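Asker: Protein chains in written order, with my numbering: chain D, 1 to 363; chain A, 1 to 363; chain C, 1 to 363; chain V, 1 to 363; chain X, 1 to 363.
These are calculated hints, taken from the structure and not from any lab test. Don't take every hint at face value.
Any copy will do: because identical chains look the same in the list, a pair fits if it lies in one copy or spans two.
Stated by the list, open to error - Derived PhoX-like pairs (lysine-lysine); straight-line CA-CA distance at most 20 Å:
#1 Lys169 to Lys24
#2 Lys51 to Lys132
#3 Lys51 to Lys253
#4 Lys228 to Lys328
#5 Lys24 to Lys111
#6 Lys298 to Lys360
#7 Lys253 to Lys91
#8 Lys34 to Lys232
#9 Lys132 to Lys228
#10 Lys257 to Lys235
#11 Lys328 to Lys358
#12 Lys235 to Lys169
#13 Lys43 to Lys91
#14 Lys37 to Lys235
#15 Lys298 to Lys358
#16 Lys24 to Lys328
#17 Lys111 to Lys235
#18 Lys232 to Lys132
#19 Lys298 to Lys43
None of the values given here were measured: they were computed from a predicted structure.
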Amino acid sequence: MATNKKKQPSVKKKNSRARRKIGKAPGTITYLGKREKTASVLKVIEYDEQKLEEFETSDVDALASFRAGPCTSWIDVVGINDESFIEHLGKVFGLNPLLLEDAVNTEQRPKIDDYGDYLFGVFKMLYLDEQKNIVSEHVALVLFENTVILFQELEEDVFSGVRNRLRAKTGRIRARGADYLFFALIDSIIDHYFEILESINAKIEILEEEVYQDPTPEVAHRIQDLKKEVLKVRKWIFPMRELVGRLLDSESKLISKDTQPFLRDALDHCVEINESLQIYREMSMSLMEMYMSNMSNKMNEVMKVLTIMASIFIPLTFIAGIYGMNFKNMPELNTEYGYYVVWGLMIVLFIGMLFYFKRKQWL
Amino acid sequence: MATNKKKQPSVKKKNSRARRKIGKAPGTITYLGKREKTASVLKVIEYDEQKLEEFETSDVDALASFRAGPCTSWIDVVGINDESFIEHLGKVFGLNPLLLEDAVNTEQRPKIDDYGDYLFGVFKMLYLDEQKNIVSEHVALVLFENTVILFQELEEDVFSGVRNRLRAKTGRIRARGADYLFFALIDSIIDHYFEILESINAKIEILEEEVYQDPTPEVAHRIQDLKKEVLKVRKWIFPMRELVGRLLDSESKLISKDTQPFLRDALDHCVEINESLQIYREMSMSLMEMYMSNMSNKMNEVMKVLTIMASIFIPLTFIAGIYGMNFKNMPELNTEYGYYVVWGLMIVLFIGMLFYFKRKQWL
Amino acid sequence: MATNKKKQPSVKKKNSRARRKIGKAPGTITYLGKREKTASVLKVIEYDEQKLEEFETSDVDALASFRAGPCTSWIDVVGINDESFIEHLGKVFGLNPLLLEDAVNTEQRPKIDDYGDYLFGVFKMLYLDEQKNIVSEHVALVLFENTVILFQELEEDVFSGVRNRLRAKTGRIRARGADYLFFALIDSIIDHYFEILESINAKIEILEEEVYQDPTPEVAHRIQDLKKEVLKVRKWIFPMRELVGRLLDSESKLISKDTQPFLRDALDHCVEINESLQIYREMSMSLMEMYMSNMSNKMNEVMKVLTIMASIFIPLTFIAGIYGMNFKNMPELNTEYGYYVVWGLMIVLFIGMLFYFKRKQWL
Amino acid sequence: MATNKKKQPSVKKKNSRARRKIGKAPGTITYLGKREKTASVLKVIEYDEQKLEEFETSDVDALASFRAGPCTSWIDVVGINDESFIEHLGKVFGLNPLLLEDAVNTEQRPKIDDYGDYLFGVFKMLYLDEQKNIVSEHVALVLFENTVILFQELEEDVFSGVRNRLRAKTGRIRARGADYLFFALIDSIIDHYFEILESINAKIEILEEEVYQDPTPEVAHRIQDLKKEVLKVRKWIFPMRELVGRLLDSESKLISKDTQPFLRDALDHCVEINESLQIYREMSMSLMEMYMSNMSNKMNEVMKVLTIMASIFIPLTFIAGIYGMNFKNMPELNTEYGYYVVWGLMIVLFIGMLFYFKRKQWL
Amino acid sequence: MATNKKKQPSVKKKNSRARRKIGKAPGTITYLGKREKTASVLKVIEYDEQKLEEFETSDVDALASFRAGPCTSWIDVVGINDESFIEHLGKVFGLNPLLLEDAVNTEQRPKIDDYGDYLFGVFKMLYLDEQKNIVSEHVALVLFENTVILFQELEEDVFSGVRNRLRAKTGRIRARGADYLFFALIDSIIDHYFEILESINAKIEILEEEVYQDPTPEVAHRIQDLKKEVLKVRKWIFPMRELVGRLLDSESKLISKDTQPFLRDALDHCVEINESLQIYREMSMSLMEMYMSNMSNKMNEVMKVLTIMASIFIPLTFIAGIYGMNFKNMPELNTEYGYYVVWGLMIVLFIGMLFYFKRKQWL
Ligand SMILES: [Mg+2]
Ligand SMILES: [Mg+2]
Ligand SMILES: [Mg+2]
Ligand SMILES: [Mg+2]
Ligand SMILES: [Mg+2]
Ligand SMILES: [Mg+2]
Ligand SMILES: [Mg+2]
Ligand SMILES: [Mg+2]
Ligand SMILES: [Mg+2]
Ligand SMILES: [Mg+2]
Ligand SMILES: [Mg+2]
Ligand SMILES: [Mg+2]
Ligand SMILES: [Mg+2]
Ligand SMILES: [Mg+2]
Ligand SMILES: [Mg+2]
Ligand SMILES: [Mg+2]
Ligand SMILES: [Mg+2]
Ligand SMILES: [Mg+2]
Ligand SMILES: [Mg+2]
Ligand SMILES: [Mg+2]
Ligand SMILES: [Mg+2]
Ligand SMILES: [Mg+2]
Ligand SMILES: [Mg+2]
Ligand SMILES: [Mg+2]
Ligand SMILES: [Mg+2]
Ligand SMILES: [Mg+2]
Ligand SMILES: [Mg+2]
Ligand SMILES: [Mg+2]
Ligand SMILES: [Mg+2]
Ligand SMILES: [Mg+2]
Ligand SMILES: [Mg+2]
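Chain D on its own, in the form it takes in the complex (with noise of 0.2 Å):
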């Protein structure tokens, strides 16, 4: 396998996923992200169809209670690097330390657990910064009866809708329970991921103009960047089908009937990302094609033009070359209008040529 012995990469230590985890037992929690280490704080929405209640804390224990409380909450953890604490509110939770390894891996493949209490996922939120660059953020959610926990790296993120809407009063997300809450948040998630669709597709639009009007070299570094870009949205977005289709049929005491419906609606919307993905990813490489296919064209100009140069240009060389030659003997030389001859020679010559490529449609 050692195929190239000399320029070998070596592999970053700092964040090296696999240098974190070798040699740990599997539940160790482990943050694997690049944020420093801050103190995660708890932001709290109590709820139900009266009233709504926001705070926030730092004190896990005090929520404890609220897992099989008589109103609907939901615990927003935000900063997921302090391992010791994420430990302490996995215990206060009672929550598989498998879990808590994979809630605070920042790389984890979108997956839904089962653990017969609680319902346990992990998504990654997708959205455009502000230059309208492509942002991916790790978040994690647990679904207790009456609780929701998420966790989440920033407190920037997708669910600026679902806290509204639970503002609102009004609505059915106030009147319906975690479940619904759960089913919200992933919605929300998968909404987004519609703003990325497009901006993806934007970005097709404006290679293609530009393979057609200008296939520099840099426009074929932006068409690879593009498919790299498909590539790891694909990676994310792609399991979200599998597991939305697998929550619908799950048979969890945890999902209820009525929140079946929209589960139903969030698949719709996964099969249409899918969908669109593919066909991006094969717009994508349609690009590339087309891009050589310029080149090639512009390549066919530049030749096109040494060629009638040369082609034109060497003949009548050559003729005035014969008449430069020395020689004593050259009877044309002497004639009065010789000179002439050969002007009007080579004019033939030229405008000959000059039909001959129009003919070939070179001109």
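Take the given structure of chain D and dock chains A, C, V and X with the ligands to it, following the hints.
Answerer: Just chains A, C, V and X with the ligands now, kept in the frame of chain D:
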């Protein structure tokens, strides 16, 4: 992911599906099409084997009783961007808000949902306009026991054949119930797909000819357009096979046993359409390959002309150059026939070169 | 979708399947082939182990009793574009209108339908005509308990082997019922596919040779034709595997247990044919790759000739140009052997260049 | 379909499988190989744990009792093109005509058929001849309770290991029944496939080296041959995985429970072989890509030489041309050092050009 | 098949797996690796929650009682090429010969076999050596009720993490039985795959940069090496997903219910690894495409330089050639400013050409 900081495309706010949907609760009726807001019109056909009545109205409430009336009725809702009207209609007929959201979502992927008391389907009508361009229009169908509701954006549709058969009195359609009407509408949509396939096939044949005759960059561009067209048509048509198959296997009491052979016939068509699309896709990819091969041929032609001209005249010019030198002592220059000997030499070289290139089959 | 406003191809009205079918009710008998209308002829073979009778007729009603007669009969309907005749035949034998529509639909994809009392199958006969071109003909079969009806457009078919075996009296076919005849006809269709495969294989071998010897654009064109031919043959043959498999697994009482080993044998052939087609498809794609590689080689050859000629003679011409200058003070010009020294220099350069290109293996 | 009227290849009648099979009833014994007709020889090994007897015969009838004899016997039928002999053998052992047809059909795809009282298998022996070319030979096996019949064309086979183990007396094979012998023969065929894989692997490694060192058209041709070889080997080997898997899951009473772990071991080999073939296939496709990339590199080299030579000497020649003009009034010509100044200018230009191309890394 | 008679590669006898296995009975223990014969060493760890003992031995018989002892023991067999030692060990522990054959077959594909009383698994350890090259080592595991036997070739392995956790006393692993140890060893193998993925990812990133900066043939060669590396790693890792999945679903009494969540966690990792490998594979194929596109760009650059130089200087040289002709009667030659006029004309032409190429964006 932020691979390219400079040219991030600004996703157009106006028609962004994501922007309009993000933050809204599922089941919120949001028209996604590009048409100006217009009032919806209801075109009703009420019929049984004996009589048929046609009328237009905009009074939804008057139609509530049709749902389970003694005749079969077809309620054609033309115009779906008045969201409050659609919501009212939904209440009158007892339709699920998720259904209504999909009914006006012009971007909705084709699908069939079974709501127990009624079936819901979304489809894409595809037809050619007068300029032979492919037009795609969103259409949604609800099947009640005795009524079919059809949602569409414009009056123009692919159902004139069904209307004519209804008016004709003779024929199977008047004798059968709403489920046969439901089938007949889907069948009519599918029948029009063959027209689209024929148009794609015709484009492929034209492009094949052009690629062979005259592979200009414009042809490459049109091949690219064709590939995208096939991808888009595939996206709209591909789900039909599974939908019709699922309808056939469903145990909905709304689909009578007599209608099943007709659904099987429609399924046949869907299988064939998908196969043809697959073949067109492979053909359109072959077109680009053929284009590249012909481009290479052209380039080869250009290079042969250049090489022949240069290879013949550069040595001749060199010989002329030799005898254009001004050395005092160049005995050849003073011989009487030197000039003619050189001419002879050049002509021999010239003919030799021609023979050489002839033998190489470059001429 | 309307990506290209200018050259929309006009879909030919005359042979457009879509145009002829759109708006018609399913089950409407619509001949889709290109043949002129002709009267249908019924060629009947009635046989049991003792006797065999052959006759032609056009009187359908006389045959009604054959369906459940004491002998086995094969009714070969030659000519299927007289739609009213077919409709009448359908009534006499109690056939479903959807079946009749498919029986005369020459574009119908191969399939098997089980109508309970009878089985219906559509197939493509493929054979080589005298010019070794592939001919495809539509054929439809109905299997009753004691009768097989066969629909085809022309007299010419692939069943002469079956007729001969019937007439021979000895042999299994006379001793068995209609289901064995039904199998024998399908088997005969499948047997002829091997001839088509051999013809495709021969074409591939010829093209491989030509690509290597002489990759002209005409060869590229024929590779393209071959790829399309393989795609079309695949479209017609590919469904056979599933059809025969389904026939084998079906629980139709019309197929006796004794016929099953023969169907399994036919299934074997189908599997093998599909595998071979897959291989031919990959080979035909490789041909184009090989073509491009040989084109590149040719181009390389051309460029080497140009480069060698130019690299050798351009410097020599430069030297000649130097001594063609008219400066007063050029001491070399007046030396006695200057001219010969320059010739020597040029010859040395010339030989040096030859060595250089030899070493680079360009010569 | 008749896309190319001119060069239709004439399918060779003599070896055409289709021609020999068309029109014949299924079960007709038709030898399809290319060997001259020879008498079949039966090589029998009869053994139990105590004794082993080997003899040759051509008297089939004498062997009829072996089928259910007290010992295990292996009847090796060498030579299968005497169709009447095979038919007689079939009758003696009560074999189905469809089985006999497949047993002598040298084109038969690998398969296993369960006939209740006996199992039938067709396989391809692949081995390397002395010139290391891949040889493929048809082999068919019938497993009775106490007898294995093996059909092959030539004496040479891959079973000498099995014979030696039988003769050795020690070892498992003498202690077990016909089913273990049946397995051992299949295992021996599979074991030889690894030799084929190693030979393909070696070819790929050689070609990889050659593509890199010297991408001549001949190398491209051999890559193409390799790709075809992999396709053909895959066609013969690929079905083995499914066959052995089916044998393992079958409920035939002929396969004892003790033999199952050995079949599972063989299945392991089949899975691995198929994976390796898949990898070789991808590698052989990569080879062509690599070839094209190296061709492009070579072309680039050629063009750089041309461009450097032309770019350096064409301007110099132009300067020489200037001072070769015959204008009366050209003051430079008469200066004392004009010639040297021009030489200086040319040398400066020459060196500047060299620097320019050096900086561009073309030198 | 013998397509190329000349250069048949001689399959190296020495390391040929086929040669060593052909003709042997299944279950014959045949070491297939490349290491010299060495004595096997048994490194034993015996532990329960209270105590842990470590020792080395080479006396197999003394260990026979461990199989069902009161403690859990891990017997690490280092060195597997002493075939008689392995055979003896097999007898002592009652292992199936087929298992032993696979345990020493260093080419064995990863797999899990359930032998009822014990489970058997073969895996590939992959890790980076000090030069960051990928090393692959064969490892085989047997799980008894209270004992795990591990077969490996060398002392160096990926299990130091497991050993440390065992010695640490605290931690889950000491409290659980042999099945958890079995899992922990597999988990440790899988954890190291992430290191391999990171190394491949790093190589891709380096190559991407180089393809863009400097697409030399050496880079193409390394891309090819990378593609082969990904194929090989995929071959070793890909089966793990199915294996772990099967282990999870198996009903073996050897795997306790408490170990299942850990297996599910390992399955998660396998799914993610396979997805990443798929992405790396697509990326490595894109690299070659990118390489070709950059090569084309470079070629284009070269041709532009040539065309610009030739197009500018060839016409100028022609003009100089004109006035180098020796015609008696060339009036321009005798005018006072003729020379300067020609210079002016040439400069105008030169600048015009520069503008022309500027406008074409070739400069
Ligand atoms: Mg671990
Ligand atoms: Mg782990
Ligand atoms: Mg993932
Ligand atoms: Mg919806
Ligand atoms: Mg997808
Ligand atoms: Mg697609
Ligand atoms: Mg929403
Ligand atoms: Mg939604
Ligand atoms: Mg869609
Ligand atoms: Mg039909
Ligand atoms: Mg399809
Ligand atoms: Mg498809
Ligand atoms: Mg296809
Ligand atoms: Mg219709
Ligand atoms: Mg129809
Ligand atoms: Mg078809
Ligand atoms: Mg057969
Ligand atoms: Mg196939
Ligand atoms: Mg294949
Ligand atoms: Mg036959
Ligand atoms: Mg047959
Ligand atoms: Mg085969
Ligand atoms: Mg084994
Ligand atoms: Mg495979
Ligand atoms: Mg592979
Ligand atoms: Mg063996
Ligand atoms: Mg074996
Ligand atoms: Mg393997
Ligand atoms: Mg985990
Ligand atoms: Mg994978
Ligand atoms: Mg991927």
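Asker: Hints numbered earlier in the text: which of these fail when held up against the supplied structure?
Answerer: Result: hints 2, 3, 4, 5, 7, 10, 11, 12, 14, 16 and 19 break, sorted rising.
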